[in-house]
Amino acid sequence: MNAYRIVGTPQPQIDARDKVTGRARYTDDIRLPNCLHAAILRSPHASARIRAIDTARAAALPGVKAVLTGTDFERTFGVLPISKDEPALARERVRYVGEPVAAVAAETAALAAAALALITVDYAPTPPVLDARQALKPTDDPLHPELQRDNNLHKQVEQRFGDPEAGFAQASIVIEKRFTFPSVTHAFSEPHAVQVEIDGRGNLTVYSATQVPHYVHLALAEVLGIDEHRVRVIKPHLGGGFGGKSDPFPHEMIAAKLALVTGRNVRLRFSREDVFFSHHGRHPTQLTMKLGFHPAHGITALTGDFLIDGGAYGSFGVVTTYYNGVLLQGPYPVPNFAFRCRRMYTNKPMCGAMRGHGGVNPRFASEVLMDMAMVQSGLDPCQARIDLIHRENTLTINEFRITSVGLRRGLEEAMRRSGWREKYGKLPYGKGIGVACGFFISGSALPIHRNQQPASTVRLTVEFDGAVTVYSGAADIGQGSDTVLAMMAAEVLGVELGQVKVVAADTRLTPVDLGSYSSRVTFMAGNAARNAAIRMRRLLVAAACRLLALPEPVYPSPTAPADGFHQGGRAPDFDAEFLGANPDYRDGFAFADGRIRHLDSGKETGFLAAVHAAIEGPGILQTVGNYRPPKLGGSFKGAGAGLSPTYSFTAFIVEVSVDPDTGFVKVDKATCAHDCGFALNPLAVRGQIEGCFHMGMGQALMEEVLHFDGAVQNAGLLEYKIPSPFEQPEIDIVPSSSDESEGPFGAKEAGEGPLAPVIPAIANAIFDAVGVRLFELPLRPDRVLAAMRRAASR
Amino acid sequence: MDSEIKRTLRDGGAVRLLSLEVNGQRQQRAVMPDITLLDFLREELGLTGSKRGCDLGECGCCAVLVDGRPMLACLLPAADLEHSAITTIEGIAEGTTLHPLQQAMIDEGAVQCGYCTPAMVINGVHLFAGELRPDAEAIRTCISATSCRCTGYNRIVQAFERTAERLAEDRP
Chain A
1 MNAYRIVGTP
11 QPQIDARDKV
21 TGRARYTDDI
31 RLPNCLHAAI
41 LRSPHASARI
51 RAIDTARAAA
61 LPGVKAVLTG
71 TDFERTFGVL
81 PISKDEPALA
91 RERVRYVGEP
101 VAAVAAETAA
111 LAAAALALIT
121 VDYAPTPPVL
131 DARQALKPTD
141 DPLHPELQRD
151 NNLHKQVEQR
161 FGDPEAGFAQ
171 ASIVIEKRFT
181 FPSVTHAFSE
191 PHAVQVEIDG
201 RGNLTVYSAT
211 QVPHYVHLAL
221 AEVLGIDEHR
231 VRVIKPHLGG
241 GFGGKSDPFP
251 HEMIAAKLAL
261 VTGRNVRLRF
271 SREDVFFSHH
281 GRHPTQLTMK
291 LGFHPAHGIT
301 ALTGDFLIDG
311 GAYGSFGVVT
321 TYYNGVLLQG
331 PYPVPNFAFR
341 CRRMYTNKPM
351 CGAMRGHGGV
361 NPRFASEVLM
371 DMAMVQSGLD
381 PCQARIDLIH
391 RENTLTINEF
401 RITSVGLRRG
411 LEEAMRRSGW
421 REKYGKLPYG
431 KGIGVACGFF
441 ISGSALPIHR
451 NQQPASTVRL
461 TVEFDGAVTV
471 YSGAADIGQG
481 SDTVLAMMAA
491 EVLGVELGQV
501 KVVAADTRLT
511 PVDLGSYSSR
521 VTFMAGNAAR
531 NAAIRMRRLL
541 VAAACRLLAL
551 PEPVYPSPTA
561 PADGFHQGGR
571 APDFDAEFLG
581 ANPDYRDGFA
591 FADGRIRHLD
601 SGKETGFLAA
611 VHAAIEGPGI
621 LQTVGNYRPP
631 KLGGSFKGAG
641 AGLSPTYSFT
651 AFIVEVSVDP
661 DTGFVKVDKA
671 TCAHDCGFAL
681 NPLAVRGQIE
691 GCFHMGMGQA
701 LMEEVLHFDG
711 AVQNAGLLEY
721 KIPSPFEQPE
731 IDIVPSSSDE
741 SEGPFGAKEA
751 GEGPLAPVIP
761 AIANAIFDAV
771 GVRLFELPLR
781 PDRVLAAMRR
791 AASR
Chain B
795 MDSEIKRTLR
805 DGGAVRLLSL
815 EVNGQRQQRA
825 VMPDITLLDF
835 LREELGLTGS
845 KRGCDLGECG
855 CCAVLVDGRP
865 MLACLLPAAD
875 LEHSAITTIE
885 GIAEGTTLHP
895 LQQAMIDEGA
905 VQCGYCTPAM
915 VINGVHLFAG
925 ELRPDAEAIR
935 TCISATSCRC
945 TGYNRIVQAF
955 ERTAERLAED
965 RP
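Chains A and B, in that order, are what the protein sequence lines are. Every letter in the first sequence is one number past the one before it in the working numbering, and letter 793, counting from 1, is 793. Convert by adding 794 to the 1-based position in the second sequence; the result is the number in the working numbering.
Be aware that one or more of the hints could be misleading.
Claimed, not checked - Computed footprint of chain A on chain B, listed as stretches where at least three residues anywhere in the stretch have a Cβ under 8 angstroms from a Cβ of chain A:
#, region
1, 840-848
2, 921-928
3, 944-957
Simulated from the structure, these hints should not be mistaken for laboratory data. Note that the structure is a prediction, hence the values are computed from the model and not measured. Positions of the beta carbon are idealized from the N, C-alpha and C atoms, including for glycine.
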């Protein structure tokens, strides 16, 4: 039951009108006065020594104001403090085709491009390392000699829980298969862009198409060797990220350096080809997974050996290396579990975080193996999954704290609505139905930079005119985070959505939020916004009491939950009644329609009158809310990876048609149960689920970054095919809510979790349709056809 | 004018005076003769609603109406269009009244990051100007002119269908 006025109701994005009229300003739409244009020279070699770079002719061209090479930057950088291995411009060697080697700033874009052509680089090509297996071989010339290894291993993770051998011994079925995944990329609509404004005091304002303004701020200061306070990063409107804009990038360092050395404003944007060179997409993965299953006990053991191809630099790769294993700890209990994951450096554009980060490829493998085991056991794969899904309030074997789980009811409903029982195993040859489940983090419980600061902080003001302003560092990348933060403030304060303004993603004006990645914003920035709004409400209640001659309410003090499980055993920000769904603000007032009404006496005052009364003393009305994840997890090495305050759960049931003559797979319909706790904005949740389906289906059926000699072969949107509106099916979204007591109004993530199960659900539907299993993505027609022919000849 | 002359000297090319009718207003600029319509709109006129996604005619984000027909501004030499009427996304709404498709895109949640949105609207305005009641195939064909990575297209299809219904109601 939705007792709310605004949260829980479908709301278009607050800036949607700007977007449909062309008024919304993205990074490259900004026009800075007296601006130089920058351009980047990129490496044509996958692997080469740089013997010399001659920039004299370029620098001499009239109108060229600066030329940079690798020696102009002292420090390398990276989003993770443990792998700051990337230079802004290559020094001594290049490691992939497209790596930035030199940069110029000139009066016009045409001049900048002309200047690049005048730069000569003397390369001595060296044999490239082009795949992860090759990268395992011993070499005396690794990509990153600073690691002092005799091969190209970047990161190796091994974890072991329970007794996998004993688990396999208990199983009635043990299946082991090898799976292969190519790289896929984000293919967001807006190419990377950056503009830098410099003032007379040498302060830099960096407008960038980034998901992580805070990290970009820190990296700029470090790489440029300037004080952090001289940097300000602003994220304007952003045209999609999906993880592809969640690192600090070389071009941001380059543009800022050019502004510093010229004293002029600088503009830089990527071509679409540059976007593919920059990549940071999903890691190509080779994995061997072994499942032990027993119809009475579920999964008895699961082991995996992963080899992932990281490309030239680290990016988020260390996290990816962990996530490949640990994100198998749901949505079902795995009592005995072990994995090894090795991330390799190769001479290709680097891989990093992409929607569903690290959990997508292993999810395909595990859900296909589960399906095989369930079919072999004579179980209904949908009902069997329902029976296995985690119970509420349990701890996994690697000490993930599972709190709310709404997926069992959700999948039951999806099963009913999709007509699963009437269809599964009963459709004619060529038609099939399949199911798969997944789960995902709602933000990481541990920060990238270890410190004691909150994960997210929101400042909230109410002005003399009644305007409520939410100041948040969270980056709206198109998912609608500005809208959901405004909705929460409006809900608590009883004002209309239009009365709430949002100032976001500006590192000078907004408090720290770590960024839009790992599905953290709604949960973490959302909690911070709600908390700030509750504190503001208390200021206004106090003022209303003075105006109405009522005693001020006495609020109960928050106490730690008795179970030591919720809130990590610590006291929450507010009394438990405030938590999760349907909070009772315990003030005895109703805030609605611009009025503040005392419930018992019926006395009321206007919102604005209370604001004016409250502002009399301090002259400004300002509150702060923040979010700190509870203390979670085990004490073993790597225990922090994958730890989240809460997890979302998803199931997809997918119906496909497989053309027996061509092997072409068409998805006819999908039914989704996604447990995001409470859907704060059902319109946005629907958009995320449908977008996840699009991206998952793309990876399942068609998407693949192709390389030849290390060079991307399909660096354009015609050659890198993503699904069109003709491929996208209707998606029935069934209710699958849960009461997440630690989420803002009970909410969990919705932006990433729904992706991973899409791919195995399609594969399992193909099995139901034509009786073949495929273990390599994408499930191209030629592969499906070959598998069908192999099956027919057996 | 002074800055344009300076630019001519600096670039070593011959600028040409180009006059285009954009959103009902004739606009004159001295530009390099090979300038694309997209650069003319974005860089010379400051009309940044037409988006640059690839410069290769692949993503469709720069669509504008040329004499009422959707064309990709990144592929068009501006110099060829002196006798054409160009309408960009900035010229679609009439005053503060949105085109029904713009309103439907908002209401149906068809807008996420918004980068493809102007081109989706441009193509849709052309579709609805011609067809009284476009069918599902025509709607999807129209939408497929622009690459969208956020929405999975479902809400956009929905917005187009709602617009078709509304326009059919409005017309006798």
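Okay, the region 921-928 of chain B and chain A, do three or more residues pass the C-beta test at under 8 angstroms? violated (count 0)
Per-stretch coverage check for the region 944-957 of chain B, three Cβ contacts closer than 8 angstroms to chain A: Coverage by chain A holds here, the residue count being 8 at a Cβ distance below 8 angstroms.
Can you tell me if the region 840-848 of chain B counts as covered by chain A, using C-beta to C-beta distances under 8 angstroms and a minimum of three residues? holds (count 9)
Violation of the numbered hints given earlier is confined to hint 2; every other hint is satisfied by the structure.
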